[in-house]
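Novice: These are the residues of each chain, in order.
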Amino acid sequence: MLKEGELKIPSGCAISGIIDKKGNKFNGEEIIKSIALMHDRSNGLGGGFAAYGIYPDYKDFYVFHIFYENSSIKTQTEDFIKKHFDVEKAEYIPTRPVPNIVNIPLMWRYFVRPRVQTCVSEKDFMDESEFTSRCVIKINTDYKGAYVFSSGKNMGTFKGVGYPEDIGEFFMLDTYEAHMWTAHGRFPTNTPGWWGGAHPFTILNWSVVHNGEISSYDANKRFVEMYGYKCTLKTDTEVIAYLFDMLVRKHNLPIKKAINVVSAPFWDDIEREKSEEIKNELRSIRAVYASALVNGPFSIILGYEKGMIALNDRIKLRSLVAAEKSTRTYVASEESAIRIICDNPEKVWSPRGGEPVIALLEGE
Amino acid sequence: MGCVFMLCKDGSKKESMMKKIYAFESKCLGCGLCEVHCRTAHSKSKDIVKTHKRENIASAIVIEENLSSNTVSYFALQCRHCENPKCIKACISGAMYKDDSGIVLNNKEKCVGCLSCILVCPFGVIKKNDDGRSVSKCDLCVGSCEPFCVKNCPNEAIKFLDEDGARALI
Amino acid sequence: MSLNFNTPDFEVIRNENRCIQCKVCVRQCANTVHFYDEEDNVICADDTKCVNCHRCVTLCPTKALVIRKYPLEFRENSNWSGKVIKEIYKQSQTGGVLLSSMGNPEPFTVYWDKMLLNASQVTNPSIDPLREPMETKVMIGRKPEKLEFDSNGKLLTKMPPNIELKIPVMFAAMSYGAISRNAHESLARAAEELGIFYNTGEGGLSKDFYRYGENTIVQVASGRFGVHKKYLNAGAAIEIKIGQGAKPGIGGHLPGKKVGEDISATRMIPVGSDAISPAPHHDIYSIEDLRQLIFSLKETTDYKKPVFVKIAAVHNSAAIASGVVRAGADAVVVDGFRGGTGAAPTRVRNSVGIPIELALAAIDQRLREEKIRNYCSLIVAGSIRNSSDIVKAVALGADAVYIGSAAVIALGCHMCHSCSTGKCNWGIATQYPELVKRLNPDIMYKRLVNLISAWNHEIQELLGGMGINAIESLRGNRLMLRGVDLNEKELEILGIKYAGE
Amino acid sequence: MKKYLIIGNSAAGVNAAVAIRTNDKTGDVKIISCEEFNSYGRPLISYYLNGKVKSENIYCHDEDFYRSMNLEVLLNTKAEKVDTIKKEVLVGLGERISRISYDKLLIATGSSPFIPYIKNLDFNLQKNVFTFLTYKDSVKLKEKITKNSRVVIAGAGLIGLKAAEGLFGQVASITVVDLDNRVMASVLDKSEADIIQAHIEQKFISFKLQTSICEVQGENNVSRVILSNGETLNCDILVVAVGVRPNVVLAKEAGIKTSKGMFVDEYMQTSVKDIYAAGDCVESLDLLTGESKVFALWPNASNQGGIAGLNMTGIKTRTPKTFAMNSISFFGLQLTSAGIINNSRSIDTFVDSTKNKLRKLNVLNDNLIGFVLINDNQRAGIYTSLINDKVGLSTLAYDITSKDIGFNVYSKQERTKKIWDYKGGY
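Chains as they are written, first to last, in the working numbering: chain A, 40 to 403; chain B, 22 to 191; chain C, 2 to 502; chain D, 4 to 429.
Treat the hints loosely; a few may be bogus.
Claimed, not checked - FRET-style restraints, in silico, Cβ to Cβ:
1. ARG391/A / LYS155/C: 20 to 28 Å
2. LYS129/B / ASP106/D: 49 to 57 Å
3. ILE373/C / GLU401/A: 53 to 61 Å
4. ASN77/B / TYR37/C: 15 to 23 Å
5. GLU269/D / SER165/B: 42 to 50 Å
6. GLN92/C / THR271/A: 39 to 47 Å
7. SER194/D / VAL67/C: 35 to 43 Å
8. ASP277/D / GLU104/B: 55 to 63 Å
It should be emphasised that the hints constitute simulated quantities derived from the structure, not laboratory data.
Quick caveat: nothing in here was measured; it's all calculated off a predicted structure.
All C-beta atoms in this analysis are idealised placements derived from N, C-alpha and C, irrespective of residue type, glycine included.
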């Protein structure tokens, strides 16, 4: 029987995200409350959170959150890390016992700085993020039983098997202060969940929570795999993170253009576009990045260092609501999940298919 | 036998508005299917096999074969339903007449087989029947919305058009 | 040779109760199988000349004719089948190379029929193409590796020329000479109406068809027939023909008797002369020569037209395709061993080349491994028979497909495999004016439009069923395929799982 | 409201009336006819005689034809005198004489049988002597004949032979007498005429050629005829069908220029203004010889009638020249001929004849000027239009003598032009 990680699990679930565009920090209670309201949208086999701005003292370090199935794989992985990174600090991730959270893997986090000059033997130029992402992918591919479930700077994800509110309680999220939180409750359909399979999925600073299914998964997967990514976690959401990382970091496309790739306008709409310049741009995007178009029903919340983006598929086959109040922007699968933590928001709307909700930190 | 023959809306019967059969030589294969279906359409049994095996009906179509230098070409010719038909003028018994929608028809009972119509028709598309006392000519399958030869031409070499429609296709 | 061992392949059976001696079959059979016996007023048939093209059967107004396999049986011998024996009779009779037409008829596995498509059930809804937009448009041509924007979001990268296909299907290369002028006109007009393209084949392009230029792909083959500056600029894209699926490794041969006035003018060869296209291009003996030809063609059309390169599906197609992409081709066209041909030696047609499904899968995977799959388009041909073949081809990794045999069947071909005689009764593979006339472009182009439109609806239904609303999301999406009745190796090459996995 | 008066109710008269009515919806159109029957096809009287055509089918048009076209017909009305000054016509209506005024008059009186001088021949006295031109003649004849009547017919022309065919099988014997050396002398050359004669003789009808009837004998009816060659023939029924003469008495007395027939200009108008004439009673120009002569031809009469009608309503229409043409059958033998058909050195004649078929074409300086077809008449109209249009035979797609005629004789352009543009014609 293949462990749940070895086969692709379709996921229907709940997502929620809050950002304070001024950068004011707040603890995890609000996000837990919001995701908890959507209890029935998940079946307790997966929950997780992403928090941005939680490690202000180590904001220049990459923070690896890693699961280990056993201590031997832990020592092997740590040898690999020590060879490629200066480890500033290593500690297990503090948790508190919660009745529903069981068979917990070893969970450690490492504040590290990549040793690019010494390790990079090849002549080709590689910056630290490329070096780090390759190491993370190497661990997740070759070190069976070890999973780096987040590797960004001044951010981290906390996920596992269980309802999201229990996971939040388990990881003591009330003790962390972040300017942006995203959360996800999972509804895997056929096998018991596993800790690595829960959302959010990350690569470097990118984190994605996703409600839906990617029909174009294999096309997207075989496209990003051409650029060095490796889809190891066998959940289709993973590929969205890699797509954004590739488009924005490797091909340095502006975020709006990346969105036009992932949730591309229809050809008919492009043809109706008045300005020739925009029409040519959209036609070029669809031609060059055809395999990066994410097809199938989805609503995603994307977190990264600059802020939060929520997006629906082109024909909005999944629910997504957004709201704004003073410096805060909220997005969630259901309006009720927003209203429970934000009474009378100034503006509430449901974004159209393919139309992003972009909430960036000021100055970005 | 299908829908009523179409007259133009305002009841006027401008000759050129009247639909006729036009043959397109570049498309005609000379296969003869139009004749088979013409005989059948005018037979009693309306069954192809019975028509040809039992009834003796002349088709109202003549398939012309033209030998130019290197190729053989064909086209199907039938009554042009002239505006001012010579055959009606030559007919001694009033058998040849024009109905009110402009189709030149032949009344078998009145015809005595004198063949004056054949003597004057410049297209030679009126055929003497074997019974010696009647002739066959095209009646555009009046009463059905499309002549059977047009309906069954495998290469759309004959079309049922008004004059403007036909000129557009030359 | 006095004694001729050849026995007829087919038997013409006439139902006397139905035959009305209307002589339509006599007039329509170009092989003079039927003849009218004046004396007994009966129509007879000479079985030896019948190629079973169904012209008489179709046009007989009383459906009095049936053509059957000639009932003569050879003694049962699984090694020496009737077919093999008769081939020896023919060659020992004529001493000539056995010629045949259309694609490889041997009973090799048709992999299309061994692959099944996916459909979504619960977790993602299938998309109803009647209510939701469903996109089958594809852009064929070279793509830059990435797009660059300036600081305020203005696109800097200049896109190389791409052609736009409303439906990922094109009409394959069939030269004017192999097929008739009316056939070409039908293909051109259908391409224009469908918003797709037709390929001129290696016979050049008649002046009257320049007006269909926007929907034309002009081919440059080893014979360079009809290739000149105006010709190259007449089409929307250029295709260099290196190989053809039905006859990999050998050139083409158009018999002189088919080269009349118009074809001689179009091909720029004397009337009546045999048009032989040599096996290799005499200026392409290595991959770098190909690069030179590609760029000289681009220079001639000042880089406004994509240049495809067509290769036959052979054993190392993957490496060849990679070389072709690196040589600067805008699209690689791969023609499988079932692809059709007007005339080719039977031995080559039946035993050279590999199935397109395996070649496609291998090429797509190799180009991805070399990280250059996204640089160019990959088009497959030989043979695509229906819309599910197209969806499976795209899922394996193709951008679009060419259809040749399917197109001529829509035009009336009844696969009698005797195009090489030049007496095609349906007016397709013939230059006799009275036969060419039987293919009336005004009717036949609509049949092509009907076929492709129908296929397009089917593609949309299949895509919708998988929860996809743009065909690009299916390209290379091999998870949407499952194999049945295939061994491990075949699954591995095709890169698909077995059904049930 | 214009008043139109037409004398004569046959081909010319009726066609004229129709032409007038289509172009003058309100004019008053009157047709007077000395006969008691509505317009009928005169050539049909022989078919009536032998029962092939029933009496109700003899009429050209059905009952309400005249009413639907709002034409007034006065039967049994004989035009006595035309007063060209007062523009009136005196008509005898039974005993009474009345006047009908007209704005436009058409004289379409056709022709009447020519009775040669034969000693003691007296139509009033003798009850078994007939002419064979009107339906009445045919009706009277049909009543008179019995199974053992011995019939003598004077004249072996179209009418005489048709009379013979009409009587055949209802009488004991039929003998046809003609001055000429062959039957249908006005239409056929000797070689073809003999074919027709041989065919008719198979029906035991005997011919007395190169002789004529010079005397009849019998108390009050004729019982014997004496021929100029001395022979005498018993005769219970005598039919005089030697020829016809145009009815021009009325015109002559009205001062209209006539010769054999009335002279008309291109628009069918006689020498007197507002009086037109058409049909067998006028002189027409022969397309082939240029002569002016009388054509007793049904198609010509219909044509000229129509044209006269148009001109009477002011629509200027020219009359095309005409030429002799005939299509007639005797006992199943189908004869179709047109134009100049007699042999002469200047005309090269092509004859293709098999057992019972004949195709004879006369060509003069690259024009077809005449043809005779026996039992091989399919598509004869193409020959007729070759004559009519004076087509240069060398310009045609093939030599018309080489094979059966077809519309493919014309070149492609000519064919297409004819099919698209031809509207039929006067």
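Novice: None of the hints should be skipped; say for each whether it holds.
Specialist: These are the hints, each one checked on the structure:
| no. | hint | result |
| --- | --- | --- |
| 1 | ARG391/A / LYS155/C: 20 to 28 Å | 25 Å, holds |
| 2 | LYS129/B / ASP106/D: 49 to 57 Å | 41 Å, violated |
| 3 | ILE373/C / GLU401/A: 53 to 61 Å | 42 Å, violated |
| 4 | ASN77/B / TYR37/C: 15 to 23 Å | 19 Å, holds |
| 5 | GLU269/D / SER165/B: 42 to 50 Å | 44 Å, holds |
| 6 | GLN92/C / THR271/A: 39 to 47 Å | 60 Å, violated |
| 7 | SER194/D / VAL67/C: 35 to 43 Å | 55 Å, violated |
| 8 | ASP277/D / GLU104/B: 55 to 63 Å | 29 Å, violated |
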